[in-house]
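Colleague: Here is what each chain is made of, one letter per residue.
Protein chains: 2
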Amino acid sequence: MNTQEHRALAALLAPDIQELLKRSPESIAAETEEIHAADLADIVEALPRESVLALLQALPADRAADVLEYLSDDLRTEVLEEMSAPQAARLVAEMTPDDRADALEELEEETYEDILSEIPQPAREETERLLAYDPETAGGLMTTEFVSVPEDTTVEAALAGVRRIARAGRREAMHAIYATDEHGALKGVLSLRELLAAAEGAKIRDIAWEEVVSVPPTADRAEVVSLTSNYDLVALPVVDENQRILGVVTVDDVMDAMVEEHTEDVQKFGGMEALDEPYLQIGFSAMIRKRVVWLVALFVGQMLTTSAMQQFQSQLTQALMLTLFIPLIISSGGNSGSQATSLIIRAMALGEVTLADWWRIARRELPLGLALGAVLGVLGVLRIVLWQQLGLWDYGDHYLLVALTVGTTLIGVVAFGSLAGSMLPFLLSRAGLDPASASAPLVATLVDVTGLTIYFSVALFLLSGILL
Amino acid sequence: MNTQEHRALAALLAPDIQELLKRSPESIAAETEEIHAADLADIVEALPRESVLALLQALPADRAADVLEYLSDDLRTEVLEEMSAPQAARLVAEMTPDDRADALEELEEETYEDILSEIPQPAREETERLLAYDPETAGGLMTTEFVSVPEDTTVEAALAGVRRIARAGRREAMHAIYATDEHGALKGVLSLRELLAAAEGAKIRDIAWEEVVSVPPTADRAEVVSLTSNYDLVALPVVDENQRILGVVTVDDVMDAMVEEHTEDVQKFGGMEALDEPYLQIGFSAMIRKRVVWLVALFVGQMLTTSAMQQFQSQLTQALMLTLFIPLIISSGGNSGSQATSLIIRAMALGEVTLADWWRIARRELPLGLALGAVLGVLGVLRIVLWQQLGLWDYGDHYLLVALTVGTTLIGVVAFGSLAGSMLPFLLSRAGLDPASASAPLVATLVDVTGLTIYFSVALFLLSGILL
Chain A
1 MNTQEHRALA ALLAPDIQEL LKRSPESIAA ETEEIHAADL ADIVEALPRE SVLALLQALP
61 ADRAADVLEY LSDDLRTEVL EEMSAPQAAR LVAEMTPDDR ADALEELEEE TYEDILSEIP
121 QPAREETERL LAYDPETAGG LMTTEFVSVP EDTTVEAALA GVRRIARAGR REAMHAIYAT
181 DEHGALKGVL SLRELLAAAE GAKIRDIAWE EVVSVPPTAD RAEVVSLTSN YDLVALPVVD
241 ENQRILGVVT VDDVMDAMVE EHTEDVQKFG GMEALDEPYL QIGFSAMIRK RVVWLVALFV
301 GQMLTTSAMQ QFQSQLTQAL MLTLFIPLII SSGGNSGSQA TSLIIRAMAL GEVTLADWWR
361 IARRELPLGL ALGAVLGVLG VLRIVLWQQL GLWDYGDHYL LVALTVGTTL IGVVAFGSLA
421 GSMLPFLLSR AGLDPASASA PLVATLVDVT GLTIYFSVAL FLLSGILL
Chain B
1001 MNTQEHRALA ALLAPDIQEL LKRSPESIAA ETEEIHAADL ADIVEALPRE SVLALLQALP
1061 ADRAADVLEY LSDDLRTEVL EEMSAPQAAR LVAEMTPDDR ADALEELEEE TYEDILSEIP
1121 QPAREETERL LAYDPETAGG LMTTEFVSVP EDTTVEAALA GVRRIARAGR REAMHAIYAT
1181 DEHGALKGVL SLRELLAAAE GAKIRDIAWE EVVSVPPTAD RAEVVSLTSN YDLVALPVVD
1241 ENQRILGVVT VDDVMDAMVE EHTEDVQKFG GMEALDEPYL QIGFSAMIRK RVVWLVALFV
1301 GQMLTTSAMQ QFQSQLTQAL MLTLFIPLII SSGGNSGSQA TSLIIRAMAL GEVTLADWWR
1361 IARRELPLGL ALGAVLGVLG VLRIVLWQQL GLWDYGDHYL LVALTVGTTL IGVVAFGSLA
1421 GSMLPFLLSR AGLDPASASA PLVATLVDVT GLTIYFSVAL FLLSGILL
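Taken in order, these protein sequences are the chains called A and B.
Taking this note's numbering, I'd label the letters of the first sequence as residues 1 to 468.
Taking this note's numbering, I'd label the letters of the second sequence as residues 1001 to 1468.
Bear in mind the hints are in silico, worked out from the structure with no lab data behind them.
A portion of the hints provided could be inaccurate.
[Stated by the list, open to error] In silico SDA-like cross-links for lysine to any residue, where the CA-CA straight-line distance does not exceed 25 Å:
hint : chain 1 : residue 1 : chain 2 : residue 2
1    : B       : K1203     : B       : R1193
2    : B       : K1203     : B       : S1214
3    : B       : K1290     : A       : T408
4    : B       : K1290     : B       : E1106
5    : A       : K290      : B       : R1364
6    : A       : K290      : B       : T1354
7    : A       : K203      : A       : D252
8    : B       : K1290     : A       : G351
9    : A       : K203      : A       : E182
10   : A       : K203      : A       : A157
11   : B       : K1290     : A       : V375
12   : A       : K268      : B       : G1351
13   : A       : K290      : B       : E1277
14   : A       : K290      : A       : L304
15   : B       : K1290     : A       : K290
16   : A       : K268      : B       : E1277
Construct the entire structure; sequences and hints are all you get.
Modeller: This is the structure we're talking about:
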C-alpha cells in the first residue's frame, strides 16, 4: 500500500472505529491490536474530534502513547490540551523520552507545566533535561533510554541483561549495545546480532568495536544525518566531554531529520523562510510573514535594475529596440546562476566540495558558463537574423550589429551568472551563513543588475556612433 | 569527528599506510582491523593509485569487500577494472548481493562479464536477477540475503537458527526476521529484540506482527523512502505477487536513496537535469549536456518576452520610462512563483497535498499572492514618488499615474506568479510527469511573459490618452 492508499483506507475504517467505540475498552484494544500505530494514527486523524479522545482513552496507555507519537503535531497538541493533566501525563509518561519532549515542546507553557508536574520524578527531570537542548541538535534528537554494559561483562551476562530489559517491555532502544569502562566512558559498540554470534565465555571487550562514531549533544542535525548515513549506522551515541553516553539518536529520528532538512532546503532555495508546519496547516498571516521578508528584500535589491536602466536612458531613447531583449538576457543569466547555485549547495552539503575548493570551482564554472553562453548567444543571433530575413520584424539597417550585441551580451551574462551563482554559496559560507540560503531568486536578482550593465556596455562599445 | 575532520585524518594517515604496505599482509590486516571500513575507504581515496591495489590485496577478502563498498563509484570502478577478473571476483563475491550488483553495474560491459563469470554459480544468478531491476526501484535497492522462518517454528529453534547464521559470519541482514506460511508467503515480522523477549515455548506465529508493510519490486524509490520513514522501519520487505519475499531494503540503503533523491530534487529545482555523479567528478562535456538542454528550452520560451514587447513597441516609444520597471516587475512575479512552487513540490512529495487539492490550493494562493503583491505594490509606488520628490529622477508630470501603473501591475503579477507557481506542479503531475520538474527558472519564464502582458495592459488602461 502506498501513502495515498493508506489515507483512503484510514478514511474507510474511521466509521467502523466509531461503531467500535460503543463497545468495551477491552474489545476496542483487542480489535485494533494488530493495526500499526502509524495506521491507527491515520485513522484517528480521519475521526471526528469527539471520537479521538474516546478512542485514545479506551486503548491501553502504552498503545495510546504509540498512536500519539504518530499523530500530526497539531492534533497531538489539541488532544493533550483537551485532556485533564493527569490523563495526559499517564499517556505522555509512556512515550520514549525523546518523543515525550517533542510532544510537550508544542504545548502552551501552562498546559506543559501542568502535565509535567503529574509525571513521576525521574522521568520529569529527564524530560526537562532533554527540553533544554535545541531541537535541531543531537541533544534534541536523542533518546535517553539505551542499553550499555561494562566492558568486562561476559557475553552470557550481557545477553541475560538484554533479555531481561526486553522482557520487561521497557522502552530502551536496542539498535546497538554500548560498552563502557569503569568511569562510564564509551569504549565500544556491538549489535544484538554480534552479541548472539559471540562465543560463550568471551567478554564484551573482546567482541565490541572499539572505534565508535559519536557526537556531542550540541552537534548540528545535519552532522547527525551525515554521520549516520556515511557510516550506515542504526543509532548514533551522544556523549559528554568525558565520553559518557548521554543518549542515542536512533535511525528513525535521523530519517525524520533528513526529511525536515530537505523540506527546509527546498523552501529556502525557492526564496523564502522555511516553514515549521505543513503547508495546509500554516495560517494565512504566518504564511505571509514567511514569504514577504524575502520578497521585499529581493524587490529592494531588484530596484537597482531600475537605477541601472536610468543611467542608460539616453541610449535607450536612441535605440529602443535594445529594450526588447532585456527580459531575455537577464533571465538567461538568472537561469544559469540558478543551475550553478543548486549544484554547489548540494555539493557542499554532501561534503564533496569545501570552502577551500572555491578557486577550483571558479576555474571550472567560468569556461562552462562561456560555453553555455555561446550556445545561447548563437541562438539569440539566429533569432534576430531569422525574424529580419523572414520579415517578421524590422530591427533596422543595423540588425546584424544588434544581433551581435545580443549574442555577445549573452555569452557575458551566462558566464557571469554561472560564476556568480557558483560563488554565492562560498561567500555565504565564508560569512558564517548557511550556504543553502543562496536561493534561486537571490542569484537571479544579483545577476539581473550586472546583466543589464553588461548589456549596455556591450551596446555602447559595438553600436557607438552607429545607433548610439 | 565531523566529515571534514575525517577527511583530514584520512589524508594524515595515508603516509602511515604506505609505510605499512611494506609489511606482511597479516600485519597490515591486524593494524587496520579496528578502523571503520568507511574511514579506511577515505584513507584509500587519499592514497596514490598504485598503493590502493596493494592495500586491497593485503586485506582479507571480506574486509577488502567492505572497503570497496564505501569507495566512490569512480575509484571502485577503476580498481575493479585494474584487477584481474579472478582477483576482482574474489572481492566482489564477498559483498552483499545488493552492493555487488551496484558495483558491477558501473563497469564496462566486458569487464563486468569477465568478473561475473568468475563468481560461483548461485551468487552469479542472484546478481544477474538483481541487475535486471531498475536501480531506482525497490528491486534495485534490495538485498536478497535476509532471515525468514516458518511461522510454526518455536522461539528456541528460531533463536538457534539466527545464532547459527550470525556465528557463520554470513551476510544476511538481521534488521528484522520474517515469518512465512507453508507456501513461503510473508505472514509476519519481528525484531531480534522481540525474539529475545519471547517466552520459551511460544511459536513465532504468536509473537510476530501480522500487519507487515511491504512493497513489490517495481515500487519507486520515493515510495520505499516514504514507507520506511512513515512506519519507522529498519528494513522493508519486497514481495512478489504471491507475497513471497524476494528481498529486503535495509535502512542504510534507504538513507542513501533519500540523499540521492534530495540531490536530484535540488538540481531539478535549480533548472537542470539531475547529475548522476558528484559535481567534481563529472566531465566538462557531460556537465554542458546536463545544463544546456534546460537553458535552451527556457531561452526559447523566454523569446516570447521579446515578441510580447514588440507588440507594445509603439507604446514603449511614447512612454519610454515604462521600460525602466520591466526587470523589477517580471522578477517579482518570478520570485513569488518560485516560492509557491517550492512549497507545493515539497507538500506533494510529503503527501500533505494530493492532486485533488488543487482547487483548495488555488483559492489559498490567489489571496496570498494579492496580499504579497499589495506589499510590493506599495513599495513600488513609494520608490517612484520618493525619487521624484527628492529630485533623484524625473518621471515626468504624470509620475503619479506611472507609480499607480507600476503598483497595480505588481499586485497582478505577484498574484499571478503565486497562482501559476502553485498550479504548475499539479499540471505536471496531472500530465504524468514528476511535479519536482517544476523548476524555479521554468516558473520564472512562464511568469515573465504573462507579467509583461499584464504590465502593458495596465499601462494602456491607466495611461491611455495621457502618456500613450
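Colleague: Take the hints in turn and mark each one as holding or not.
Modeller: Hints, one by one, checked against the model:
no.: 1; hint: K1203(B) - R1193(B); result: holds (15 Å)
no.: 2; hint: K1203(B) - S1214(B); result: holds (23 Å)
no.: 3; hint: K1290(B) - T408(A); result: holds (23 Å)
no.: 4; hint: K1290(B) - E1106(B); result: holds (19 Å)
no.: 5; hint: K290(A) - R1364(B); result: holds (15 Å)
no.: 6; hint: K290(A) - T1354(B); result: holds (23 Å)
no.: 7; hint: K203(A) - D252(A); result: violated (30 Å)
no.: 8; hint: K1290(B) - G351(A); result: holds (21 Å)
no.: 9; hint: K203(A) - E182(A); result: holds (15 Å)
no.: 10; hint: K203(A) - A157(A); result: holds (9 Å)
no.: 11; hint: K1290(B) - V375(A); result: holds (14 Å)
no.: 12; hint: K268(A) - G1351(B); result: holds (20 Å)
no.: 13; hint: K290(A) - E1277(B); result: violated (34 Å)
no.: 14; hint: K290(A) - L304(A); result: holds (24 Å)
no.: 15; hint: K1290(B) - K290(A); result: violated (33 Å)
no.: 16; hint: K268(A) - E1277(B); result: holds (24 Å)
Hint compliance for this structure: hints 7, 13 and 15 are broken, all remaining hints hold.
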